[in-house]
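Colleague: Next come the chains, spelled out residue by residue.
Number of protein chains: 2
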Amino acid sequence: MPTKSTRSVFFISDGTGITAETLGHSLLAQFPDCHFKQVRMPFVDTADKVRDCVRQIREAAASQNVRPIVVSTLVDQEIVAVLRQADAFFLDLFDKYIAPLEAELGTKSTHTVGRFHGIAESEDYKARIEAINFALAHDDGQSNEKLAESDVILVGVSRSGKTPTSLYLAMQFGVKAANYPLIPEDFERNKLPADLVRYRTKLYGLTITPERLSEIRRERRPNSRYAALDNCRNEIDAAQKLMRREGIPFIESTSRSIEEISAKILHEIRISRTGY
Amino acid sequence: MPTKSTRSVFFISDGTGITAETLGHSLLAQFPDCHFKQVRMPFVDTADKVRDCVRQIREAAASQNVRPIVVSTLVDQEIVAVLRQADAFFLDLFDKYIAPLEAELGTKSTHTVGRFHGIAESEDYKARIEAINFALAHDDGQSNEKLAESDVILVGVSRSGKTPTSLYLAMQFGVKAANYPLIPEDFERNKLPADLVRYRTKLYGLTITPERLSEIRRERRPNSRYAALDNCRNEIDAAQKLMRREGIPFIESTSRSIEEISAKILHEIRISRTGY
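Protein chains in written order, with numbering that gives the first Met the number 0: chain Z, 0 to 275; chain X, 0 to 275.
Rather than coming from a laboratory, the hints here were simulated on the basis of the structure.
All residues carry an ideal CB built from backbone N, CA and C; glycine is no exception.
Hints are not guaranteed to be accurate.
Unchecked claim - Pairwise CB distance ranges, derived in the manner of DEER restraints: (1) Z:Arg188 - X:Arg219: 30 to 38 Å; (2) X:Asp51 - Z:Ala61: 48 to 56 Å; (3) Z:Gln76 - X:Glu214: 33 to 41 Å; (4) Z:Val38 - X:Lys107: 21 to 29 Å; (5) Z:Val38 - X:Val38: 48 to 56 Å.
Stated by the list, open to error - Partner residues aside, some chain Z positions facing chain X, computed with beta carbon under 7 Å: (6) Ser25; (7) Gln84; (8) Phe88; (9) Phe89; (10) Lys95; (11) Glu103; (12) Ile128; (13) Pro163; (14) Ala262.
Generate the whole structure from the sequences, applying the supplied hints.
Modeller: Structure, rendered in structure tokens:
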């Protein structure tokens, strides 16, 4: 029987801690039967701060009666040495990877503090911020001024997941994603919105089950025709028919996260990213 | 002298590849003198697909005359075995971490495919999507209907970075971040916007250098009073004075990424995240 007792996991970093967390989440997700209490400790860059970490790790060990797990991305070896005084199971990113990489590349690492330090000046970062602004300006068909600049235009019925997906594509990948709703008028005319016809090769559809769509829409407008299950079913059927006829690829969003949807879209349209 | 020749880095995953990329970026950032060509290969979950990876790795090695680096998060050991036929420098996440974790936890990992699989049903994921919708509904002071529900309300002059930061806080951390502009009328009255007074403890300010603000505003409205350097300087001075007087903590956004700004805000306000 897997244990259901709680074990603390500390994400310790001298920077934002985002790398340690991302790494840690992907590892812990492999052990769904265990129960973890996650504690984020970013900006641990002095002896005082790391001693505070050690104290908290000891307290967690004492109260849970099991040694905590520590996922760390610290680079300062003096701080690491203090941290190691705690009795914990250590997963140290730099320890395991940086040293071998230095040997392979034949050069020393800068041991810079944290992943994002200095990134705000990079071209990649600026492209991501520009893409976020683009996604906001071209959300829900509110502007078609610069659709020609888009890398992809997401289409689908209202509340099928277009907005968060377009924001994620922008934020994570610097992809300029517009989104455009398919509405009952389009289905009556049985045609793509006129603004989109010339950009057909940029279109990518999202679809969703009628049950889930109805649930989401009810949260927004309870007891409405808009949210009624039969109406949702009709809209989705019509949207899928339209997308098939127009040769627009589409993906089911119901049980997928925006990360999965975005990665799949990116993979399929093979947008070539430059720089960074 | 560090080499400036190009070396390919492959991010290979049976899922979205986002974990492999995040991990890889943080490692490569330690070697700014090296030039890397990054290739993303997600959804590598069949023998055919991994053989295609091997072929591309060999081609890169031949054309660059150096063995590529492979950052992988594959869990299927048969697929890993095929990948290992390529001559590359392997950084394998699961190899280095999953096996030791299994020993520590006394249980087998599920070897699920990818980090995000099944996440769409989790409470954490739903909270993140809800937070994104909240950030969009409460962007730029456009609604104050549910400000009481916010975890934080970002304030600052127009174009100081509030919108992308609030979206990042939502997307990465599930934090409900509203944002509200400080405008010339507020400075003339020398008072906080009336809507915000009752939420003073939730306020967090962003500031920026006048030079950078003027640059950003010129992109939006060239040759305007709005973008003029002296006007930007006056607005920023007045905003900082107002924030200091009201006891609102604030952070300089000029040379920081939204990841850094968000992590710092989160750290300082110590929002307690639950679940996941």
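Colleague: Each hint should be assessed against the structure and marked as holding or not.
Modeller: Quick rundown of the hints versus the structure:
1. Z:Arg188 - X:Arg219: 30 to 38 Å: This hint holds: roughly 36 Å between Cβ atoms.
2. X:Asp51 - Z:Ala61: 48 to 56 Å: 52 Å, holds
3. Z:Gln76 - X:Glu214: 33 to 41 Å: For Gln76 (chain Z) and Glu214 (chain X) the Cβ distance comes to about 40 Å; the hint holds.
4. Z:Val38 - X:Lys107: 21 to 29 Å: Because 25 Å falls inside the window, the suggested range holds.
5. Z:Val38 - X:Val38: 48 to 56 Å: Distance hint for Val38 (chain Z), Val38 (chain X) is violated at roughly 35 Å.
6. Ser25: 4 Å, holds
7. Gln84: Violated. Min distance 19 Å.
8. Phe88: This hint holds: Phe88 (chain Z) lies near chain X, its Cβ roughly 5 Å from the closest one there, short of 7 Å.
9. Phe89: 10 Å, violated
10. Lys95: 5 Å, holds
11. Glu103: 5 Å, holds
12. Ile128: 6 Å, holds
13. Pro163: With a closest approach of 5 Å, the Pro163 (chain Z) hint holds.
14. Ala262: 4 Å, holds
Of the hints listed earlier, those the structure fails to meet are numbers 5, 7 and 9, in rising order.
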